[in-house]
Amino acid sequence: MSDLLLSLQITALGMGLVFGAILLLWLTMVLLTLFTADAPLSEGDASVSPAPVPVSETGYKLQAAAIAVAIALAEQDLSSAHPLPEPPTAIVSAWQLGMRTSQRSEKGNFRRH
Amino acid sequence: MSDLLLSLQITALGMGLVFGAILLLWLTMVLLTLFTADAPLSEGDASVSPAPVPVSETGYKLQAAAIAVAIALAEQDLSSAHPLPEPPTAIVSAWQLGMRTSQRSEKGNFRRH
Amino acid sequence: MSDLLLSLQITALGMGLVFGAILLLWLTMVLLTLFTADAPLSEGDASVSPAPVPVSETGYKLQAAAIAVAIALAEQDLSSAHPLPEPPTAIVSAWQLGMRTSQRSEKGNFRRH
Amino acid sequence: MDLKLLLPELLKGFSHFTIGNAVMIFAALILIYLAVFKEIEPVLLLPIGFGCLLANIPLAGMTAAEGMSKVLYDAGIKTELFPLLIFIGVGAMIDFSPLLAQPRMVLLGAAGQFGIFGTLILAILLGFPLNQAASIGVIGAIDGPTSIFVATKLAPELLAPIAVAAYSYMSLIPIIQPPLMRLLTTKKERTIQMEYAPKPISKRTLIFFPVVLTLVVGLLVPEATPLISMLMLGNLLKVSGVVDRLSKAAENEIINIATLFLGLAIGSTMSAASFLNLDTGKIMILGLFAFALDTVAGLLFGKLMCAISGGKINPLIGAAGISAFPMAGRLAAKTANDEDPNNFILMHAMGANTAGQLGSVIAGGILLSIVSKMLGIG
Amino acid sequence: MDLKLLLPELLKGFSHFTIGNAVMIFAALILIYLAVFKEIEPVLLLPIGFGCLLANIPLAGMTAAEGMSKVLYDAGIKTELFPLLIFIGVGAMIDFSPLLAQPRMVLLGAAGQFGIFGTLILAILLGFPLNQAASIGVIGAIDGPTSIFVATKLAPELLAPIAVAAYSYMSLIPIIQPPLMRLLTTKKERTIQMEYAPKPISKRTLIFFPVVLTLVVGLLVPEATPLISMLMLGNLLKVSGVVDRLSKAAENEIINIATLFLGLAIGSTMSAASFLNLDTGKIMILGLFAFALDTVAGLLFGKLMCAISGGKINPLIGAAGISAFPMAGRLAAKTANDEDPNNFILMHAMGANTAGQLGSVIAGGILLSIVSKMLGIG
Amino acid sequence: MDLKLLLPELLKGFSHFTIGNAVMIFAALILIYLAVFKEIEPVLLLPIGFGCLLANIPLAGMTAAEGMSKVLYDAGIKTELFPLLIFIGVGAMIDFSPLLAQPRMVLLGAAGQFGIFGTLILAILLGFPLNQAASIGVIGAIDGPTSIFVATKLAPELLAPIAVAAYSYMSLIPIIQPPLMRLLTTKKERTIQMEYAPKPISKRTLIFFPVVLTLVVGLLVPEATPLISMLMLGNLLKVSGVVDRLSKAAENEIINIATLFLGLAIGSTMSAASFLNLDTGKIMILGLFAFALDTVAGLLFGKLMCAISGGKINPLIGAAGISAFPMAGRLAAKTANDEDPNNFILMHAMGANTAGQLGSVIAGGILLSIVSKMLGIG
Ligand code: NA
Ligand code: NA
Ligand code: NA
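Chains as they are written, first to last, in my numbering: chain A, 1 to 113; chain B, 1 to 113; chain C, 1 to 113; chain D, 1 to 378; chain E, 1 to 378; chain F, 1 to 378.
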């Protein structure tokens, strides 16, 4: 049972350190965004900023798809479900499309408020 | 002369083994196509199946050339000679074009039968 | 001071050898252009010869820019200053554009003579 | 040349073939099948499967002293070069702006590492020595290169089953997570809509982030430096915008070649002797346990944050904190969207997901640090 | 610094220059000339020629212990990594569907290997020891990486002339083969039209083929495993369709870099001392003999198949069974087409040609196996 | 596990952190800042800065025996492979036709090397031993790979400051050169227009040039062979037009990967112990001196040629002979153009600039030859 005790100690220590490190990371990020935001991009730019980082062909296809979806959404009601196509491999960061549909629909939500 | 004898033995043995291995390969291929063909693509698909495996830029140019040739062939008589352009380097698999012209002309031949 | 003397000797010897090697290189180049020029390209081709050696995307952009500049130049007076945009990184050979503007303007100069 | 002596020579491939080889080749075929026909992490499982196939063809010499597999193993696994090169490419593909726009999301990256330690406890109970138990636990980082990096340091003899478990289950995330999500959250919780009004992130912030993060994590957890620094180097190459050549090389040539060679080299360690034992089976089960435990811990922490925030945080994003980037993030968003077609939490889920990526690397480094110290190998 | 001592130092490049260097530089210039102006296998002969040039500049140190050529040689030739990496790329470029649609074509890939053994006999008669004779014979595989792989194992001292012969003659195929084709076949034979009504090949067949082939050949001829498995790995990456990143890396980055370095490293072994001797001349002649013998054997076997099939098989496709992929296949089709503009046998010729590629690798492995056993180095 | 023993373990990253580390990390941040925000040679200074950062995180192990930085250093710097691979890529990007069209421009490539030797004299006077003084002098080659190659051979302990000086000042050329240009030339001289009526350069000339140059320079200065030959190999791959695959690999994959790894490996040598001393400061100052001296010598030689030619040569192109390809060439043309918007001397300046590139490599080889001989290590 000394082994179990040891592993429990490792767990307590390990998770404690992970949370500690993450909290410090939070602090770092808050300070970082605070001190480096004096020359912010406009809101439109900021929301576009991930766009120049599309990944691989699939990324481009998703961008094309995003444009197509955006046009389609502008023409029809927002109540229908939004397609979230699966990426072919896990290497691909595939959320570009979703980001746009999300923003699009939130604007829709805001209007209703 | 023992050297010569030795090399003759190697030749007999070697060519025997090569033929043996190739015969086994034949058997393997027959069995393989038999057991994996239960979900065959349609004839049109099958003849196109090599197409998604074009090689390098030249491959794409040859595909484009193939389409151009196919159109030209459809408009004129089949009696003229078919061009078989040389590939720029030996690494390139250049027979995509020829395959199509071949199939095209065989259909022509069948019509005449 | 023997160190200084030594370094002066190295300098004399080194620069002497550099100039010697460069002179030999000059001779080599003269002989080379003499003996390999029997199948020269036409003047137009020669001036274009660097063009198939554009470097990286920027190179292509500069080519496009060069064409745009050439058209603009043909439509307006040559007295205005020519833009020489900075290349984004030092790896890029950026002088393709300048070369063309240079040649373009020299033709202009010749006309005035 | 005596023909009687010839026959054994001719059939040496078959005469050296063992039951173990047959079983491992069957395993290799399964890996290849899953990769090709089920598209389960094909970029890694296909080379691993093929490498395993080669390692079990008797006398082929691929894994011998001068064989290709051995050369690749020594060049990139023993030196830990391949996982680090892959991380340069991954870094060039990650976008940290959703996380930087909502820094508190970073907390979700901590909870999703509990599976590492829970699995370690279980592995100890099952009789694994500490170095092996820790390597098995790190499957719970749910991040391939981290698992491979830590396992190479602590228990290289378990590299193959750990890598296979890590990558197999990573692709099974869409099967493993949704039942747990529905089990642990109420419909009301899943339909919580989250407002997305991020503060704009300046380009400067995006550039400083990888540099500062490398320094902070490097000083806190030196053992995590190789992993976190290569991830951040890739990201810096990308966001700086001044070295397109290098960031394209990172996310194409470098990651592709390293991935292919890494897979072949890992697969080549899957000899019958080293792979066919009870431990491998235990590791596969423990790996599944690690994935489930991570998800549960993430969801419970998400529910805690939901309660603390007065119901403003959808607990589903907790499940995205396990890493498994970018699938877990998309899956959380999809689950919320399935429940309510008007509910879009993708940006929040991706923030939690990138936090999980960071948390995984940090947890891997912390585990490496503690265990190395205890074993006196640090 | 005494100026009298300086002059010899200044002219050391010239004073160490030997007649042998001059001859080898002349040879290097010929190789570069053939590559650039005659486009004879430029991707290999240009780097080989340039590497040879560098190896014969006295005191340049490229081939010294720490020189670049030596580093590349040790990294990729000694370990046999470069030919294997090239094969991954070649595999990603080969399409086996014409062969799978007409499996009997595979027989033609066996006959076209006779040149290997015929040349071995001749080399033994010319006094070469067995290991060298076998390495020279494998020029008759008419496949660069196979020749280099086998020669590296059996007689690395002959690597350069063997590689140069293999690649030079491969480009001279359009000059070597047609006269033999016309000599050994009748006009009637050459105008035989072959029906092409292939059974459709499913994607599944294309995917299983490289895996099954690796297993079958690997178990039959373990020595052929490295070559055949890398060829099949490249093919599997391509046909699986799920790892585009990897198959593109294989047929671009990996093959290009390996080819450039392989050429430089092989060229660097062409020092006057090791290259300028009667053996090199003999090897060049034996290589030409190997090519001719392969073609003759292939054609004769084609005629046999023609006879057996009752005149349904055009014997020209036998000449495509020698490998030299894909030139020999195209050449056979062109010769038939020249004879009769309505005769198209390209698909059959390409089937025989890919069979020749497989047969070459198998024959190379069998030769390696037999000779290693006899020399007691297996 | 005693918690009293834990705290030091937890804070080991901080407790091992020295003032030296802090200073070096500050230096690393400056390098990264210059690279990203001032775009000063970002492809090299960004990786160097990041490598320096990593080398100064205590206990991170990147530079330890098995660490990634050490692996890269041994693979590519110790063997001199990385600078040579970069030169293959650079060669594929250089166009020698402006130089071949005006061969006398090659003279300007000799004068611009005076800074190498002038700096060597000064370094000797400052007390550096000969091997170090020569390595510092070669900063005056104003060509990164040449500086790194020579420094690796003669004084690897100074590699980092030399590389940083070479690349930093190379980007500061637009700040360093123009004041000197205006100081040393009259307005009348700067407005000299040069006729550009080049003789046409045949493709054959362009193809023979790299081969002949390799031979001539190789025989004259064997020590320059590795550098000049790789530059010429890259150029030959490009101008031959028959090996597109290889020339594209050279100017993309090969140069990009080598550059990234070279930068990281050089940066990793920037430990506080080896970098933070008076020598580094002296080297930075001597490097600046080398750049200025090169420019002055080039301009004075330009004025000499101007006088000899009867005022037909614009002395500004002398400043382009220092190498720093292609910036110095563009800068000379721009300065002339600023003075008179109708004055275009870019083609002449680029001719002088490529001559400077050749002159730099030759001078580096000559220096290596002389110094190796004197130190008895040749
Ligand atoms: Na995790
Ligand atoms: Na063959
Ligand atoms: Na210089």
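Hints are supplied without guarantee of correctness; some may be wrong.
[Claimed, not checked] Below, simulated EDC-like cross-link-like pairs (lysine to aspartate or glutamate); rule was C-alpha separation at most 16 Å, straight line:
id: 1; chain 1: E; residue 1: LYS70; chain 2: E; residue 2: GLU157
id: 2; chain 1: D; residue 1: LYS78; chain 2: F; residue 2: GLU66
id: 3; chain 1: E; residue 1: LYS312; chain 2: E; residue 2: GLU157
id: 4; chain 1: F; residue 1: LYS373; chain 2: E; residue 2: GLU195
id: 5; chain 1: D; residue 1: LYS187; chain 2: D; residue 2: GLU66
id: 6; chain 1: D; residue 1: LYS70; chain 2: E; residue 2: ASP74
id: 7; chain 1: D; residue 1: LYS312; chain 2: D; residue 2: GLU157
id: 8; chain 1: E; residue 1: LYS78; chain 2: D; residue 2: GLU66
id: 9; chain 1: F; residue 1: LYS78; chain 2: E; residue 2: GLU66
id: 10; chain 1: E; residue 1: LYS373; chain 2: D; residue 2: GLU9
id: 11; chain 1: F; residue 1: LYS70; chain 2: D; residue 2: ASP74
id: 12; chain 1: D; residue 1: LYS373; chain 2: F; residue 2: GLU9
id: 13; chain 1: F; residue 1: LYS188; chain 2: F; residue 2: ASP340
None of these hints come from the bench; they were simulated from the model.
*Which earlier hints can't be squared with this structure?*
3, 4, 5, 7
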